[in-house]
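Quick mapping for you: the protein sequence lines, in order, are chains A and B.
Here numbering that gives the first Met the number 0 is used: the first residue of the first sequence is 0, the next is one more, and so on.
Here numbering that gives the first Met the number 0 is used: the first residue of the second sequence is 0, the next is one more, and so on.
Bear in mind the hints are in silico, worked out from the structure with no lab data behind them.
Among the hints, a few may not be true.
[As the list claims (entries may be wrong)] Using 20 Å as the maximum straight-line C-alpha spacing, the simulated SDA-like pairs for lysine to any residue come out as follows:
id	chain 1	residue 1	chain 2	residue 2
1	A	K91	A	D119
2	B	K70	A	G181
3	A	K271	B	K70
4	A	K260	B	G268
5	B	K70	A	R192
6	A	K79	A	V59
7	A	K304	A	R136
8	A	K172	A	T220
9	A	K260	B	T254
10	A	K117	A	G336
11	B	K331	B	K51
12	B	K70	A	R136
13	B	K260	A	G268
14	A	K260	B	S255
15	B	K51	B	R37
16	B	K260	A	V264
17	A	K271	B	R250
18	A	K51	A	A303
19	B	K271	A	S255
20	A	K70	B	K117
21	B	K271	A	N256
22	B	K304	B	L26
23	A	K271	B	E251
24	A	K70	B	H188
25	B	K117	B	G93
26	A	K51	A	K70
27	B	K172	B	L203
There are 2 protein chains.
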Amino acid sequence: MADGLILAIDAMGGDDAPDVTVAGAELFVAARPNARVRLHGDETKLASLLSKATERIEIVHTDLAITSDMKPSQALRRGKGSSMWNAIEDVKAGRAHASVSAGNTGALMAISMLVLRKMDGVHRPAMTAAWPTLRGRSVVLDVGANLEADAAQLVTFAIMGEAYARAILGIEKPTIGILNIGSEEMKGHDEIREAHELLRNSDLDLDYHGFIEGDDISTGTVDVIVTDGFTGNVALKAGEGVARMLGTRVREALTSNILSKVGAVLAIGGLKQLREQMNPSNVNGGVLLGLGGVSVKSHGGTDAKGFARACELAADLANSHFREEVAHNLNKIRQKGIAAE
Amino acid sequence: MADGLILAIDAMGGDDAPDVTVAGAELFVAARPNARVRLHGDETKLASLLSKATERIEIVHTDLAITSDMKPSQALRRGKGSSMWNAIEDVKAGRAHASVSAGNTGALMAISMLVLRKMDGVHRPAMTAAWPTLRGRSVVLDVGANLEADAAQLVTFAIMGEAYARAILGIEKPTIGILNIGSEEMKGHDEIREAHELLRNSDLDLDYHGFIEGDDISTGTVDVIVTDGFTGNVALKAGEGVARMLGTRVREALTSNILSKVGAVLAIGGLKQLREQMNPSNVNGGVLLGLGGVSVKSHGGTDAKGFARACELAADLANSHFREEVAHNLNKIRQKGIAAE
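So here's chain A without its partners, still in its complex pose (with noise of 0.2 Å):
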């Protein structure tokens, strides 16, 4: 790995691949001149997708894959070998910097922490999200890896959301807020509380801003938000579905009738920015935090483009300070007897 970074990319998984995950490959290595990829699958298919022959780009093959139905257990008895698999295991061997797979969620995350193990430190690792808000983006995590946390898993999720915003959207000091129903302190599970005492009672050099609610996640009151992973599910998708709704109530409003219609083609300059500010490509990428390296889970369903977002989420990651900086946080906290032994 002397010279530029290198990518392992799981080329089967995701409702349309090979196609896009090879698309976006190919749109990756073009945006960054010094990335490779080592493409994971069917050799045959794989090679027929590449746009031109390029060294930069090095398929490993598989005939193996996970399918979308798989269980995370199933994954783990009959995956070994698999392309989602052989990309993980190149993190894990040092042939590659980090892995992006757009395949079965469950599947991925269940291998990721077999193959990657975890972090020193880290009881459990969590689930990001990217938020589009007023203000640009902001990290919610946990959104799924676990059902529930409690007061110490939560601090630990501080810890690496902070430094994961600051690895990827570029903010030298994110705030962070653990998202609760009432901003009053009296409000609350047990462990969100206790969360936050020890956050801001903590000698942790972090920005802690105290509780926020759900609407405050789009506002982009904080840019780090902590909850449990069933609660940012939750969230996260009901959410996407309150966009989705209001994409559609959108142009139904702007095709209703003659006037609407010429309106919209009027106004398209403006709609196209409001489509690609809102476009899910643009904000494409969750990464498991708190594994031994860096697995990058795309959106099933995106385009070349959003596979490629996730790519370069995974590049920036690898490139990032992240893993010290978090290793120096919970060590901090395991003095105090906080973080996983």
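With chain A fixed as given, assemble chain B onto it according to the hints.
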């Protein structure tokens, strides 16, 4: 209460009270020729705000009002004789069929529970919210009356939500879903899985659909979404935040240049319709279900039209068979030891 419905209104609660509450009460009685209102609050102020004297609006004087910063415990200790308390007391004493307040939510829940008490068989009351969907509207509960809910409580939420959706949405046989992450049966907390089994195997005459995910809410996959108060509150507010952010973005897009401004003027018919569809006033009003009487919570920042909408909701619910239907179903599960004794 011989002829027509009587509504008790806390005229002093809400951001713009009593202006909005008085105007809303007048809109309500104008729309419901047989309804009467008991308006609780400062007699001089209220009388001066009434556009014309009518015997259908009776002012019931009190000096005391619950403030927005009062904690529930303070409201219970010091709130007796306040406009909010007196409105709820009207329902208890049979002087009104239902009460409405736009005031302090925590205080309203606490006073409602103390004064109206729980219905037989209900462990904990649940707060509802109306959620606009692609198909119309759905009911989400609990959105914050409780932090947690065990399986038996979730089953009673399903029973109450179903009867409520019939009463206020006019759906003959509302469908019910439990909010979860992933639709596979193995996922989710124990409480959720247990409630799922109870509803699936019950002899209740309910149209139980199964698990749904966050994005299904806006799709309108089911009419009633059952969840615990923490998750429901976060989902509701996260969705509100996304809707507000997108509203801002659409406005920006339609005013970003001169062409798009002209376009927006031409499209104004369709956009007006959209704004009307999405107007929060049209879905205003949450109800604390499971009490011995109807207590409706209006959004604190609503306008007169929205407050009138909350009054109509209260009237519809008071006029329905909600209580009998819930009692009937609770009785069935009580025989199996699921309902509260």
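Right, here's what the structure says about each hint:
1. A C-alpha spacing of about 15 Å is found between A:K91 and A:D119, which places the hinted pair at or below 20 Å, so the restraint holds.
2. Proximity of B:K70 to A:G181 is assessed by CA-CA distance (about 12 Å); at most 20 Å being required, the pair is judged to hold.
3. Only pairs whose Cα atoms come within 20 Å are accepted, and A:K271 paired with B:K70 is rejected, the gap being roughly 47 Å.
4. For a cut-off of 20 Å, the pair hint linking A:K260 to B:G268 stands: about 11 Å separates their Cα positions.
5. At most 20 Å may separate the alpha-carbon atoms for a hinted pair to count; B:K70 and A:R192 meet this at roughly 18 Å.
6. Straight-line distance between C-alpha atoms of A:K79 and A:V59 comes to about 15 Å, which keeps the hinted pair within the 20 Å bound.
7. The hinted pair formed by A:K304 and A:R136 meets the criterion: a straight-line CA distance of about 18 Å does not exceed 20 Å.
8. The hinted pair formed by A:K172 and A:T220 meets the criterion: a straight-line CA distance of about 14 Å does not exceed 20 Å.
9. Among the hinted pairs, A:K260 with B:T254 is consistent with the structure: their alpha-carbon atoms are about 17 Å apart, no more than 20 Å.
10. A hinted pair counts as satisfied when its Cα atoms are at most 20 Å apart, and A:K117 with A:G336 qualifies at roughly 18 Å.
11. Straight-line distance between C-alpha atoms of B:K331 and B:K51 comes to about 50 Å, which puts the hinted pair past the 20 Å bound.
12. Only pairs whose Cα atoms come within 20 Å are accepted, and B:K70 paired with A:R136 is rejected, the gap being roughly 34 Å.
13. In summary, the hint linking B:K260 to A:G268 is supported, as the alpha carbons are separated by about 11 Å, within the 20 Å threshold.
14. The suggested pairing of A:K260 with B:S255 holds, with an alpha-carbon distance near 18 Å, which does not exceed 20 Å.
15. Restraint check for B:K51 and B:R37: satisfied, since their Cα atoms lie roughly 15 Å apart, inside the 20 Å limit.
16. Between B:K260 and A:V264, the direct Cα distance comes to roughly 11 Å. Compliance with the 20 Å bound is thereby established for this hinted pair.
17. Using a Cα cut-off of 20 Å, the hinted pair A:K271 and B:R250 holds, with the two alpha carbons roughly 13 Å apart.
18. Of the pairs offered as hints, the one joining A:K51 and A:A303 holds, with about 16 Å between alpha carbons and a cut-off of 20 Å not exceeded.
19. Using a Cα cut-off of 20 Å, the hinted pair B:K271 and A:S255 holds, with the two alpha carbons roughly 11 Å apart.
20. A threshold of 20 Å between alpha carbons decides the hint, and for A:K70 with B:K117 the separation of about 43 Å lies outside it, so the pair is violated.
21. At most 20 Å may separate the alpha-carbon atoms for a hinted pair to count; B:K271 and A:N256 meet this at roughly 12 Å.
22. For the proposed pair B:K304 and B:L26, the alpha carbon gap of about 7 Å is at most 20 Å, so the pair holds.
23. The hinted pair formed by A:K271 and B:E251 meets the criterion: a straight-line CA distance of about 12 Å does not exceed 20 Å.
24. A C-alpha spacing of about 18 Å is found between A:K70 and B:H188, which places the hinted pair at or below 20 Å, so the restraint holds.
25. As the CA atoms of B:K117 and B:G93 are separated by approximately 16 Å, the hinted pair is consistent with the 20 Å bound.
26. Of the supplied pair hints, the one linking A:K51 and A:K70 is violated, its CA atoms being roughly 36 Å apart against a limit of 20 Å.
27. Simply put, B:K172 and B:L203 have alpha-carbon atoms about 13 Å apart, close enough for the 20 Å limit, and the pair holds.
Consistency note: the structure conflicts with the earlier hints numbered 3, 11, 12, 20 and 26.
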